[in-house]
Every structure is written in C-alpha cells, then in structure tokens.
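Turn these sequences into a full structure, and let the hints steer you where they fit.
Spelled out, the chains give:
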Amino acid sequence: MSIDPAEHSHASPALRLEGALQLLQQSGRDLPERSDPAWLQAVLDALCDLSSRDALTGLANRRQFEIALAREIDRVARAGEPALVLMVDIDHFKQVNDSHGHPAGDRVLQAVAQRLLDCVRPMDTVARYGGEEFAIILPNCPPAFGRAVAERIRRRVEQEPVPIEGGAPIGITISLGGAFAPQWVRSTATLWLAGADRQLYRAKSEGRNRACLEQPTDVQVSSEEKNMLFSSPQFEDLE
Amino acid sequence: MNIANPEVPSPSKAAPPTKRARVLAITSGKGGVGKTFVSANLAAALAHRGERVLVLDADLGLANLDVVLNLFPKITLHDVFTGKAALDDAILAAPGGFSVLLAGSGMVEYSRLTAEVRAKLLEVIETLAPRYDRILLDTGAGISDVVLYAVSLASDVAIVVTSEPTSMTDAYATVKVLSSQQQRGVIQLIVNQVSRLGEGRAIRAQLQRVVDRFVNPDAEPAVKLDLMGEIPADPAVREAVQKRQLLLEVYPGSAAAKAVNALAAKLAT
Chain A
-12 MSIDPAEHSH
-2 ASPALRLEGA
8 LQLLQQSGRD
18 LPERSDPAWL
28 QAVLDALCDL
38 SSRDALTGLA
48 NRRQFEIALA
58 REIDRVARAG
68 EPALVLMVDI
78 DHFKQVNDSH
88 GHPAGDRVLQ
98 AVAQRLLDCV
108 RPMDTVARYG
118 GEEFAIILPN
128 CPPAFGRAVA
138 ERIRRRVEQE
148 PVPIEGGAPI
158 GITISLGGAF
168 APQWVRSTAT
178 LWLAGADRQL
188 YRAKSEGRNR
198 ACLEQPTDVQ
208 VSSEEKNMLF
218 SSPQFEDLE
Chain B
2 MNIANPEVPS
12 PSKAAPPTKR
22 ARVLAITSGK
32 GGVGKTFVSA
42 NLAAALAHRG
52 ERVLVLDADL
62 GLANLDVVLN
72 LFPKITLHDV
82 FTGKAALDDA
92 ILAAPGGFSV
102 LLAGSGMVEY
112 SRLTAEVRAK
122 LLEVIETLAP
132 RYDRILLDTG
142 AGISDVVLYA
152 VSLASDVAIV
162 VTSEPTSMTD
172 AYATVKVLSS
182 QQQRGVIQLI
192 VNQVSRLGEG
202 RAIRAQLQRV
212 VDRFVNPDAE
222 PAVKLDLMGE
232 IPADPAVREA
242 VQKRQLLLEV
252 YPGSAAAKAV
262 NALAAKLAT
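From first to last, the protein sequence lines stand for chains A and B.
In terms of the numbering used here, the first sequence opens at residue -12 and continues consecutively.
In terms of the numbering used here, the second sequence opens at residue 2 and continues consecutively.
Hints in this document: simulated from the structure, not taken from any laboratory.
Quick reminder that beta carbons are idealized off the backbone N, C-alpha and C, glycines included.
Some clues are possibly wrong.
[Said to hold, decoys possible] Chain B side only, calculated, beta carbon under 7 Å to chain A, not exhaustive:
(1) PHE73
(2) MET169
(3) THR170
See the structure below:
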C-alpha cells in the first residue's frame, strides 16, 4: 500500500481517531464508554477484527488466511499432526452475475460462505480468498476425515439452492481441491497452497461439482510408533 | 507433495569416478543436538587424516557454521548465487585444516527452494566434487525441503541424534521421510551426548526395531540403520563451543575429541 505519510500528517491525531471510531460504529460494533479503562483495548481489538474480515461475507479475509496458514504449517512441521487446506471455487459464478445481476451474485457468495461455516469445526479457518474463491484450513485433520468433510461441503452446497429476491432460488455447485501439509517437513505455505490449487484445477477439468484431494505423504509418527520408540528396551543393551 | 526432487539422479546409484569426493549429508531432525559441532569437528578429524575436506553450509536459511568456526567472511555462497563473486572466492580455509563454504545470511531468501536454487546448489557440488576427497553437507534442523534436497545430493547420510525423546522422535521421522521419499537403504546414526558407553548401540537398536515394525514392511529397499559412532557428553565440548574453537584443536585429548576421531577413522575405511 502506498500511502504518503506526509499527506496524512495534516489530519490531527484526534481527527484520525474519530474517523476510525466512525468506521467501527458503521460496522455495528459496541464499544464501552470512553472513560472506561478497557475502551482503548476494545477499539484496537475491534479495528484488528475489522481489518481481518471480508466485508461481504464476514469470513476471514486473505491476509488473515495467510497468517493462519503460515502458523499452521509451522505447527505441522513441529508436531507432525495432519492438516488439510481446501480451495473452494463456485462453479460458473460468472453466469450467476450475468443472468441474475450482481446483487444476486453477492447473495450467492454470502450463502456459500454460511454453508462452508456450517460444515466445519469452530477451530477451522474459513476465508474468502478472492472473487468467488474460498479457502479453508483444517488443523488436526486425518486423511479420511478430510475426504468426508470435503464431500459434506460439496453436497451441502449442491442440495440447498440460494434464495434470491424476486426470483426462483439459484442452484449452485462448487469444486474443491485439497492438499495435506507435509507432516514433519518444514515447507512453505506457497507450496502447500499450490498443491491444493492443482487439485482444484483437476476438479474443474474433471467436470466440476466434485472434490479432489491430494494423497498425503505418509510421514506421520503415530502414538503406536512413539510407544514402541520409548518402550523400555532402549535402556537395556540388547545387542 | 513431492519435496524430494525426482529429476536429480541419486549419486549413490552412479558408480563414483576415481577422483570424486564422497558426499556425506549430516542432518538431525531436531535442532540443538550438536549437528554443526559434529560436522566441523569431523571435518577437522578427516583433514588430520590427510583427506581434502570441504564443509558446505547447506542450511540456507539459518546457518551457524560461521559462529562455530568463528569465521565471518565477506564473500559467501549468496554472492556466488547472485553472480557477484566467483565460487573460488567464497571458499575459506577453516582452522582445522579443511575448507568451508558458508551460505551467508542473505540466503534466507532462498529458504524457498526454487528450481533455480536447486540447480545452483547441484552445480556448486558438481564443480567442487573433483577437487576434494570428501564433502560434508551441514544441513539445517528440521526436515525442510531444502534439507531433503541437500540430502538427495549426498551419497551417504548421517543423522545426529541424542537420547532425548524429542530428538529420537525427530530422527525417526527423518528416517521415514528419507525412506519414503528418497528410497534410502542405509542411514548412518551419530549418537551425541551419550551418558554411558554403549548407549549409542542401544539407541540404534531401538530405532531399528521401530523401523522394522513400521517402516520396512512397505519400504523398498528396507532401511538399515548403521551406527557410525557415539560421542560422550563431555564438558570440554561446551567449553570449546563457548571459545568458538574446534574441540579437536583446543581439547584434542578429551573423550569427545577421541570419539570424533574414531568416527573419522570409521568413515575413512
């Protein structure tokens, strides 16, 4: 972002704060009284929250998503727990906009966002990645569970047409691509996302309205393995 | 996700020409187990035996070989990669009688392993291999794609491990990755900081048992862990590290120094 600081220094600090508070008020956030010692912290929290959300859907925005993804990939490398990232794209979204208008397109985006939220756990991060594309991070997600969730999401969106004002509900489908973070491997968020993108491309080219997941690399150390690793013979000389 | 680069021919499969360095990657899984200490002192021990040795700092992100050797060069691998300097200018003489090629802090930007970086690293090793008897690759901690790639360039790989549970778990995870992604058959273990004689053998046996049970049924070839040696916990090591000098230079008679010399002797045979 290229904001010239000199240009903004003309506004007094008080004026800039008023602007921020107005923004918070417009977005419908309740703040404590200004005399309350918790007021400043509440303002900061509200601003942080505001800047991490997508305005239309209320989901995490792309910046927030990228922070969460970087954190998760570090955790996977350290703890070896499986994690899945899903890229979700609305099929033929342009046709919705073209034939029903942009307000209908917005309704569809909001409805899909809600369906995604309904299908995942509170610990999962659902984000609007851009345009009609969404992304979901599922920490601690074994492969079989990941496939089930992806399929549940796909079916849920397909089965619930989106009601729009002044017309029949619109039937929507989505394509999903998923990749598991390489366990125990310090990789990069870019590589992880690229894997999910490849699978999304596959889902699209295989006819849309489907979920394709990358086969996870099997380097998980199970608790069974750990148990054996630390069983007593280690401390005896067996050779 | 394919982290190991399949296009790179495994040097272990090609018959080594007569005049070509053997490349040994030294890795650890967990950090802080003495990997760089082992690399530097093993290089000194091999050099003392008359080998021409180069240590390449393959931890492109967070190297500390420079700290261990107390070397702060103006020209590093980073300058070679960016075309600012010739490869020969980046090679330094280290105190123990071996050569060293440091990554330089600018290499942080290479922690993303692009095809270009891979090609350059391979080129550097190919250029230097005919000039040395042995190249040690001091890799980073963890199992990053950079580490896996560096290991893929080596004919031999040694994992430094201690008896700490986290170290053993990470070493085991490293073995699994090297088996499934690089089809490694033989992996060396260097057991560091042992509190009693024979602990290295016990740890190797323990890891091998778990590998036999959980890795080898699906591995082709089956993984055989080989104990290269054990190094006792020795206060002299800490003192040498704090003095930023090689253990073999300052305390050549210490128990740990003798153990490192034994490692070199085993490696040289």
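Structure-based check of each hint:
For PHE73 of chain B, the shortest C-beta to C-beta distance to chain A is roughly 26 Å, which exceeds 7 Å, and the interface hint is violated. Given the 7 Å rule on beta carbons, the hint for MET169 of chain B holds: about 6 Å separates it from the nearest Cβ of chain A. Annotation: THR170 of chain B was flagged as interfacial toward chain A, and the flag holds, the nearest CB pair being 6 Å apart, inside 7 Å.
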